[in-house]
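Student: Kindly produce the complete structure, drawing on both the sequences and the hints.
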Amino acid sequence: DMKVTQMPRYLIKRMGENVLLECGQDMSHETMYWYRQDPGLGLQLIYISYDVDSNSEGDIPKGYRVSRKKREHFSLILDSAKTNQTSVYFCASSFTGTFNERLFFGHGTKLSVL
Amino acid sequence: GDSVTQTEGLVTLTEGLPVMLNCTYQTIYSNPFLFWYVQHLNESPRLLLKSFTDNKRTEHQGFHATLHKSSSSFHLQKSSAQLSDSALYYCALDQGGRALIFGTGTTVSVSP
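Going down the list, the protein sequences come from chains A and B. Read in order, the letters of the first sequence are residues 447 to 560 in our numbering. Read in order, the letters of the second sequence are residues 169 to 280 in our numbering.
To give a feel for the contact side, a few chain B residues facing chain A, derived at Cβ under 7 Å: (1) S212; (2) P213; (3) L215; (4) A267; (5) F270; (6) G271; (7) T272; (8) G273.
For the record, the hints were derived by calculation from the structure and aren't laboratory data. Virtual Cβ for every residue (Gly too), placed ideally from N, Cα, C.
Tutor: Structure (C-alpha cells):
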C-alpha cells in the first residue's frame with residue numbers, strides 16, 4: 447500500500463517551544479520533501495532529502511532543520527518555534543527525485559504556534 | 169529563477185459550465201515538465217495530469233491541458249464542471265530534476 451504518513455495531524459505549540467514533525471513512507475522512495483502551505487502562497491519547498499543524511503535546502507529553509515537517518519523516515523524540526531511558522535506542513539516523497547516523477551503527499555500537519 | 173504563475177485565486181462557477189484555469193511559467197530549461205495537482209478539502213495534493221510534449225493535449229478524469237512552449241503556458245480545462253470539481257488546483261513546474269515549484273494555487277468553487 448503506497449502511503450506517506452505524517453504525525454501528528456494537528457499540533458499546538460507556544461512560541462519558543464521546539465517542534466518535531468515526523469514523516470514516513472512505505473515505498474522505499476529515495477527522495478523526500480517538506481513543503482509548507484499557506485493561503486495565497488501555495489506550496490513552498492522547505493527542504494529536500496535525496497537519501498539518508500543527504501539533505502538540501504529548499505526555497506524557505508530559515509528557521510527549520512531536518513533529519514533523515516533511515517530512508518523511510520524524514521523529520522522536520524523547528525527549534526524555538528515562531529508565530530509565523532503557523533502553517534500546514536506537507537511531507538512528500540518520490541522514487542528518485544528526477545523530473546517527470548509524481549510526488550506522493552502525506553495528509554499534512556496543521557501547526558499552530560501561539 | 170524559475171517560477172509558476174496562476175492568475176486566479178478563486179474561480180466560482182455553476183455546475184455544467186466550462187472551467188479554465190490559467191498557468192504560465194518561466195524556466196531556463198528548454199524541456200520542462202508541467203504538472204497539475206488537485207487538493208480536495210482536508211485531503212493531500214494528488215497528481216491530476218502532467219505533460220512534457222509541446223502542443224500535445226493531455227487528458228485525465230475529464231480535465232485536459234496542452235503545453236505550449238511558445239507561450240510558456242499550461243492551462244487546465246474541463247468542458248463541464250461538476251460539484252466534485254470543487255478543490256484547490258496547483259500548477260507545478262519541474263526545476264530540472266531538483267524539485268517541483270508550485271504556483272500559488274487556484275480555488276475552484278462549483279455551485280448547483
